[in-house]
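Chemist: Top line first, the protein sequences correspond to chains S and R. Start counting the first sequence at 205; every next residue gets the next number (the working numbering). Start counting the second sequence at 343; every next residue gets the next number (the working numbering).
Everything labelled a hint here was simulated from the structure, so no lab data went into it. Ideal placement from N, C-alpha and C gives every residue a C-beta, glycine not left out. Treat the hints loosely; a few may be bogus.
[Said to hold, decoys possible] Reference excerpt, derived from the structure (chain R facing chain S, CB under 8 Å, subset only):
| id | residue |
| --- | --- |
| 1 | V397 |
| 2 | F400 |
| 3 | R435 |
[To be verified] Label-pair distances were calculated between CB atoms; the ranges are:
| id | chain 1 | residue 1 | chain 2 | residue 2 | range |
| --- | --- | --- | --- | --- | --- |
| 4 | R | G452 | S | Q420 | 11 to 21 Å |
| 5 | S | V540 | R | D385 | 53 to 63 Å |
| 6 | S | L227 | R | S473 | 17 to 27 Å |
| 7 | S | E225 | R | E442 | 26 to 36 Å |
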Amino acid sequence: MAVVETPTSAPDAYRWEGNIEELRGLVSERAFTGETMLLNMGPHHPSTHGVLRVLLELDGEQIVNAVPDVGFLHTGIEKTIESKTYEKGVTATDRMDYLSPLSNNMAFCLAVEKLVDLDVPPRAQLIRVVCLELQRIASHLVWLGTHAIDLGAMSVLLYAFREREKVLDMLEMLSGQRMMGSYFRPGGVWRDITPDFKPTLVKFLGEFPRAVEDYQRLLEKNPIWVDRTQGVGVIEPERALAWGMSGPTLRGSGVNWDLRKSMPYSGYEQFTFNVPLGEHGDVYDRFMCRILELWQSMKILHQALERLEDRGPFRSDNRKYVPPPRSELGQSMEAVIHHFKLWTSGFDAPDEEVYAAVESPRGEIGCYLHGTGGNMPRRVHFKTPSFMHISSLPLLTQGHFIADLVAIIGSVDIVLGDCDR
Amino acid sequence: MPDIAPARDAAAELQAAMPDALLDSHSFRDETTLIVPPAQVVDVCRFLRDTPGLVYNFLSDISAVDYWPEQDRPERFGICYHLLSMLYGRRLRVKIFVAEDEPEAPTMTGVWPGANWLEREIFDLMGIRFSGHPDLRRILMPVEWDGHPHRRDYPLGYEQVQFSFNAEEIMKHKPFARE
Numbered sequence: 205m206a207v208v209e210t211p212t213s214a215p216d217a218y219r220w221e222g223n224i225e226e227l228r229g230l231v232s233e234r235a236f237t238g239e240t241m242l243l244n245m246g247p248h249h250p251s252t253h254g255v256l257r258v259l260l261e262l263d264g265e266q267i268v269n270a271v272p273d274v275g276f277l278h279t280g281i282e283k284t285i286e287s288k289t290y291e292k293g294v295t296a297t298d299r300m301d302y303l304s305p306l307s308n309n310m311a312f313c314l315a316v317e318k319l320v321d322l323d324v325p326p327r328a329q330l331i332r333v334v335c336l337e338l339q340r341i342a343s344h345l346v347w348l349g350t351h352a353i354d355l356g357a358m359s360v361l362l363y364a365f366r367e368r369e370k371v372l373d374m375l376e377m378l379s380g381q382r383m384m385g386s387y388f389r390p391g392g393v394w395r396d397i398t399p400d401f402k403p404t405l406v407k408f409l410g411e412f413p414r415a416v417e418d419y420q421r422l423l424e425k426n427p428i429w430v431d432r433t434q435g436v437g438v439i440e441p442e443r444a445l446a447w448g449m450s451g452p453t454l455r456g457s458g459v460n461w462d463l464r465k466s467m468p469y470s471g472y473e474q475f476t477f478n479v480p481l482g483e484h485g486d487v488y489d490r491f492m493c494r495i496l497e498l499w500q501s502m503k504i505l506h507q508a509l510e511r512l513e514d515r516g517p518f519r520s521d522n523r524k525y526v527p528p529p530r531s532e533l534g535q536s537m538e539a540v541i542h543h544f545k546l547w548t549s550g551f552d553a554p555d556e557e558v559y560a561a562v563e564s565p566r567g568e569i570g571c572y573l574h575g576t577g578g579n580m581p582r583r584v585h586f587k588t589p590s591f592m593h594i595s596s597l598p599l600l601t602q603g604h605f606i607a608d609l610v611a612i613i614g615s616v617d618i619v620l621g622d623c624d625r
Numbered sequence: 343m344p345d346i347a348p349a350r351d352a353a354a355e356l357q358a359a360m361p362d363a364l365l366d367s368h369s370f371r372d373e374t375t376l377i378v379p380p381a382q383v384v385d386v387c388r389f390l391r392d393t394p395g396l397v398y399n400f401l402s403d404i405s406a407v408d409y410w411p412e413q414d415r416p417e418r419f420g421i422c423y424h425l426l427s428m429l430y431g432r433r434l435r436v437k438i439f440v441a442e443d444e445p446e447a448p449t450m451t452g453v454w455p456g457a458n459w460l461e462r463e464i465f466d467l468m469g470i471r472f473s474g475h476p477d478l479r480r481i482l483m484p485v486e487w488d489g490h491p492h493r494r495d496y497p498l499g500y501e502q503v504q505f506s507f508n509a510e511e512i513m514k515h516k517p518f519a520r521e
């Protein structure tokens, strides 16, 4: 047996020889005299919800400054889409915000439809709304579970994931995949809803209110939860707007801005729902906004269910942009030509630029799309809510304790795939 | 509820207030684009934000576009500022063109601090510098990275095949592969 020697000093490979001068300007001058401590949090830290690294400057346990470092999950999705035809680009957008892929699909499809002026049948819009609200519920449930487990409430995670599983099952019925379904396509959705989808949705809507009541009972008045979240990570509405925040993070500060309500897309104007608003802009208000959004999503789903007929087109019949259904291929030569053309070279889009935005569970996802006149885009750029929210992390955390950082990161609901793209 | 001034046309207001700041304006699918000179873009945005009747109070997005290899544009790069007026529920695109040689634009962080990371992203991926930016570092790519991936002349992902005649040239771009 080999004798393992106990090292008397750290081996050379572990000795840090970084140049602290590089940090000048990012951290305060007190860090250079040793008055404050620099501490790395992440990128492999469970409560940073992905690969987020935060360089903390600490005075005791208090955060003097936090410098977020992102990019670990950068996969060049925007660059990839530049080499794909418009319909194939949808597949890449799924991978950005992996907790709500359908919102990304929606932003991209809206931009493409705007660019080529493609119509979407009303029933397709309705199916999209159903999917988006289901996705919102699924995404909020992951947020709720992970946010609660960060602050020590373990059981909520298990309950939240139990419900999320049912939503993912429904999304699987539609697209064949639980998460990255690429279900939305320019001009509508990939295929019609399956016969067992509606009964499953009815059953889910019957069970889900009980579950949300459970979550609320577990946390809403829980003294530990209230102590750890109220008055923490406060952001005033003016600053939230200046820093480009959106979604529940902005509404937690009391700004009444929801794209579904204010600039409706995909037929959201036909639904009645409320926009929950916070008052203080702290972690607790953001938490309540999202919890109440679950109820509003259910309200929208109930209304959508009433209108969801079994017949009607689920995709535009503009054959220059949308491939013909399989059944036509055996009978029509023209359909074969369209099919071949669309699946090989795709369709052309004008050399113009458009911007489309949707309200994702996290905030405003904007898609800037610039065509070339050919079948591939010149530039796609996604403005993602997580990117903006992480950039304002220093603002939210300064002066708080290090344990509150975890609560704040959880409350702005970041997804690093969304941030780094 | 306070009185809200009626919504006004951004292009006409800008033309009246700063005549030399509006080079062109056009509309496509109900989206208005104002093309302004780079030197004045900060003043224009501040004007659009603070003027009653316009109140474009929210910076939605800054995105850069590379027109290489086309020659029929004013300059190689375009930068689009997507503004949003929450009061009137409408959007506006302010666009500037930036030259290919040492591309540089003024920073928008003085008007909207949230522009900080959006501009860092453009600097990182498109290689456009923002003068006056408080913290212009790479953000998504590693600090040692060569080149700016979102430029249209940057190869798309695939690895260049190494032969003995071009091995040196390729290794120059891979600082971690040397040793």
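Chemist: Give a verdict on every hint.
Modeler: Here is what the structure says about each hint:
1. V397: With a minimum Cβ separation of about 11 Å from chain S (threshold 8 Å), the hint on V397(R) is violated.
2. F400: holds (6 Å)
3. R435: Because about 7 Å separates R435(R) from the closest Cβ in chain S, which is inside the 8 Å limit, the hint holds.
4. G452(R) x Q420(S): 11 to 21 Å: violated (43 Å)
5. V540(S) x D385(R): 53 to 63 Å: The hint (53 to 63 Å, Cβ to Cβ) holds, given that V540(S) and D385(R) are roughly 57 Å apart.
6. L227(S) x S473(R): 17 to 27 Å: Since L227(S) and S473(R) have Cβ atoms about 23 Å apart, the given range 17 to 27 Å holds.
7. E225(S) x E442(R): 26 to 36 Å: Holds: the Cβ-Cβ distance is about 33 Å, inside 26 to 36 Å.
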